[in-house]
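Top line first, the protein sequences correspond to chains A and G. Numbers 48 to 420, taken from the working numbering, label the letters of the first sequence in order. Numbers 5 to 243, taken from the working numbering, label the letters of the second sequence in order.
What the hints contain is simulated information worked out from the structure, not anything from laboratory work. As the structure is a prediction and not an experimental result, all values here were calculated from the model. Certain hints may be false.
For each label pair, taking beta carbons as the anchor points, the in silico distance ranges come out as [as the list claims (entries may be wrong)]:
id : chain 1 : residue 1 : chain 2 : residue 2 : range
1  : G       : I69       : A       : Q324      : 29 to 39 Å
2  : A       : K56       : G       : K79       : 18 to 28 Å
3  : G       : A138      : A       : D411      : 34 to 44 Å
4  : A       : Q324      : G       : P80       : 21 to 31 Å
5  : G       : I69       : A       : S326      : 25 to 35 Å
6  : A       : L384      : G       : K79       : 39 to 49 Å
7  : G       : A138      : A       : V320      : 37 to 47 Å
8  : G       : Y17       : A       : N327      : 42 to 52 Å
9  : A       : G291      : G       : P80       : 55 to 65 Å
10 : A       : Q324      : G       : S31       : 35 to 45 Å
11 : A       : L323      : G       : I69       : 34 to 44 Å
12 : A       : Q324      : G       : N74       : 32 to 42 Å
13 : G       : Y17       : A       : T298      : 55 to 65 Å
Below 27 Å or equal to it, Euclidean Cα-Cα: the simulated DSS-like pairs (lysine-lysine) are [said to hold, decoys possible]:
id : chain 1 : residue 1 : chain 2 : residue 2
14 : G       : K11       : A       : K325
15 : A       : K271      : A       : K249
16 : A       : K195      : A       : K205
17 : G       : K73       : A       : K53
18 : G       : K11       : G       : K195
19 : A       : K56       : G       : K81
20 : A       : K271      : A       : K293
21 : A       : K53       : G       : K143
22 : G       : K143      : A       : K59
23 : A       : K406      : G       : K114
24 : A       : K53       : G       : K11
25 : A       : K194      : A       : K177
26 : A       : K406      : G       : K119
27 : A       : K325      : A       : K53
28 : A       : K409      : G       : K79
29 : G       : K226      : A       : K56
30 : G       : K125      : A       : K53
31 : A       : K325      : G       : K140
32 : A       : K56       : G       : K11
33 : G       : K114      : A       : K325
34 : G       : K73       : A       : K325
35 : A       : K409      : G       : K216
36 : G       : K79       : A       : K53
37 : G       : K79       : A       : K406
38 : G       : K114      : G       : K81
39 : G       : K65       : A       : K53
40 : A       : K409      : G       : K122
Heads up, the beta-carbon is just placed ideally off N, CA and C, and yes, glycines get one too.
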Amino acid sequence: MFLAIKELKHGKLRFLMIGVITVLIAWLVFILSGLGNGLSTLSAATFKNMDANYVTFEDGSRSSMSRSLLSESLVEKLENQTNVSAASAMGATMGTVLNNSKSDDKEKVDIAILGITPGSFLEPNVIDGKPLQAKNSLEVIANDTLKKKGFKIGDILKIEGSLEKMKIVGFVKNETYNHLPAVFTTLDKWRSIQFAAPGSDKGIEKPVNGIMLKGENVDSAKIKQLFKNTETVTKAAAIQGMPGYKEENGTITMMLAFLLAISAFVLGVFFYVLTLQKSNQFGILKAIGASNRFLGRAIVSQVFLLSFISIVVGILLTYGTALILPDEMPFSLDLKLVVLYALLLLVISILSSLVSVRKITKIDPLQAIGRME
Amino acid sequence: MSGIQFKNVSKLYQQGENQVLALDEISLTVEQGEFIAVIGPSGSGKSTFLAIAGALLHPSKGEVILNGKNLNELKPKDLAQLRLEEIGFILQTSNLVPYLNVLEQLLVVKRMAGKLAKADKEYANELLQSLGLAAKLGKLPEQLSGGERQRTAIARAFMNNPSIILADEPTASLDSKRAHEVVQLIANEAKSRNKAAIMVTHDERMLEYCDKVYRMEDGRLKHDDSFSHEKLKAISSKG
């Protein structure tokens with residue numbers, strides 16, 4: 048540590064350059080992770096928030112709500128299965144609404160209309176207003192992003208291409224579904240919107256898209272056996288089935304992976320070149336008795352210090368960036384992810400310095416003695 | 005048995021198809037408190053000799069006993085430890101760590117060995133003071149003159165209180181006044197601290213400070229009487 052700090056102070060410019068590169072890499076890693084997190088939140092926040100462990104879909108729907116149609120009557124049967132503590136049905140449809148309370152409103156807003164059973168574990172808590180009522184199917188609760196679009200409690204939403212109307216009675220937070228703000232309504236209301244056209248319900252009694260199950264270690268194979276027309280998957284698999292979810296996350300993850308690999312090589316090469324440059328100096332230190340351990344520790348602690356400071360600066364810059372990004376950007380920093388990537392970067396930079404440590408062990412202290420005959 | 009002993013040490017280098025005999029059956033004993041010089045033309049095997057004495061190179065044949073330890077029997081890790089504890093190297097100039105100041109050059113030796121104690125700092129200060137560097141403690145090597153750098157290197161060599169001092173052309177880059185000062189310092193420090201000291205040099209002006217002079221030629225080491233201490237003393241007193 049002693050040599051490391053002394054040298055950092057002595058070679059400010061050299062280490063500043065490496066530091067800046069690390070900062071930029073860290074910054075980009077954190078921004079990408081924020082973007083990835085933001086996108087996946089936008090895509091599936093409602094699913095993620097739900098206190099459910101498994102989802103039952105129609106067989107063949109490949110874990111997608113939009114491809115699945117089941118009867119609500121299954122809820123009761125599923126609730127009786129081993130390890131299932133609760134089950135509740137859900138329906139989802141996309142829609143476009145106008146604010147009917149404003150006479151001159153021409154601004155259409157896309158929303159996700161989610162039908163749930165009022166009072167069930169699927170209903171999110173309102174942050175403003177009141178929750179859903181089973182009896183009053185006009186009332187809905189909406190994600191608070193609609194507030195920013197000018198919607199208030201008491202506003203009437205007119206659904207395009209439908210005669211149905213909805214009245215906002217409460218707001219919920221952080222509820223987005225398929226990249227759209229979620230509006231929760233009763234299952235009956237949802238059905239009257241989704242299956243307005245005759246025959247669109249395929250003759251299923253009280254159709255729903257999926258049934259959420261609560262409970263650990265649910266035996267999905269057994270459920271499949273009992274109810275031939277269903278498939279039960281974990282919530283995580285259902286989230287993967289959200290439209291675009293896998294693709295978005297895959298892209299971001301690939302970029303992150305490349306970035307981390309690049310950072311490993313960039314830092315590794317930098318420190319290797321620095322080490323080569325100092326190989327005579329290390330030779331002398333070895334000649335006067337420095338062990339490989341001593342010199343190796345100096346290198347590793349130097350890389351650690353430099354990376355640590357750079358990563359911290361990167362984190363600060365990222366949070367600074369988050370402040371100036373427009374609200375519409377799907378950017379959300381998850382502290383857990385930030386810490387995870389910070390540690391990952393730190394580990395990668397230390398691993399990359401091991402190449403230099405290896406080089407040190409190979410340096411012959413003999414080169415300290417002038418010219419060898 | 006303290007000091008350093010060479011017993012029939014040979015070193016053979018493979019150079020392409022040829023074998024070069026750099027050291028040929030060298031035997032030598034340097035006692036504690038003794039300061040010897042090895043002189044000879046370049047290519048005579050002086051550096052090989054020093055490298056073997058400094059546990060940086062293994063002899064092809066024969067053995068080196070340093071402070072009772074046979075160097076052939078030590079593992080690389082133990083050799084590093086031995087260099088740290090028993091050997092003080094004075095290398096050619098500019099072999100200081102560029103980003104450490106004079107005091108730190110000495111303290112880093114202690115850090116290599118483990119913890120830095122308060123007494124070590126005092127000892128380093130005292131050493132530097134005795135070498136006339138008291139005013140230069142905070143200076144970096146680039147801010148020092150050649151002589152000051154070499155004196156720092158001398159102080160560094162003595163820092164771990166080694167039993168043997170090895171000096172490799174310590175006067176190579178110094179003018180003759182500085183060169184005399186530096187060798188005199190090595191001689192004084194070796195004597196007063198009771199070290200066995202070996203200096204490899206081609207600078208014959210410096211031999212008056214040595215107890216014995218050996219001449220290296222084609223890998224063979226011969227005691228050179230013409231430079232005997234008594235004789236030199238006599239000459240210098242006459243002059």
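query: Holds or violated: K11 of chain G with K195 of chain G, Cα cutoff 27 Å?
result: Holds, at about 25 Å.
message: Looking only at beta-carbon atoms, does the pair Q324 of chain A, P80 of chain G fall within the given range of 21 to 31 Å?
response: Between Q324 of chain A and P80 of chain G, where Cβ atoms are some 24 Å apart, the hint holds.
query: Does the alpha-carbon distance linking K406 of chain A and K119 of chain G stay inside the 27 Å limit?
result: Satisfied, since the Cα-Cα distance of roughly 26 Å is no more than 27 Å.
- prompt: Keeping to a limit of 27 Å between CA atoms, is the pair of K114 of chain G and K325 of chain A held or broken?
  reply: holds (21 Å)
task: Could you say whether the range 29 to 39 Å given as a hint is met by the Cβ separation of I69 of chain G and Q324 of chain A?
output: holds (38 Å)
- prompt: Is K271 of chain A within 27 Å of K249 of chain A, Cα to Cα?
  reply: holds (21 Å)
message: Run the distance test for K226 of chain G versus K56 of chain A: straight-line Cα separation, threshold 27 Å.
response: Violated, because 50 Å separates the two Cα atoms, which is more than 27 Å.
message: For K73 of chain G and K53 of chain A, compute the direct alpha-carbon distance and say whether it is at most 27 Å.
response: violated (36 Å)
message: Need the status of pair K409 of chain A, K79 of chain G: alpha-carbon distance at most 27 Å?
response: With Cα atoms ~15 Å apart, K409 of chain A and K79 of chain G stay inside 27 Å; holds.
message: Checking one constraint from the list: CA of K114 of chain G to CA of K81 of chain G, max 27 Å. Satisfied?
response: The hint holds at about 17 Å.
- prompt: Going straight from one Cα to the other, do K53 of chain A and K143 of chain G come out at no more than 27 Å?
  reply: holds (13 Å)
query: Keeping to a limit of 27 Å between CA atoms, is the pair of K195 of chain A and K205 of chain A held or broken?
result: holds (18 Å)
Checked against the numbered hints listed earlier, the structure breaks hints 2, 8, 14, 17, 19, 24, 29, 32, 34, 35, 36, 39, 40; every other hint is satisfied.
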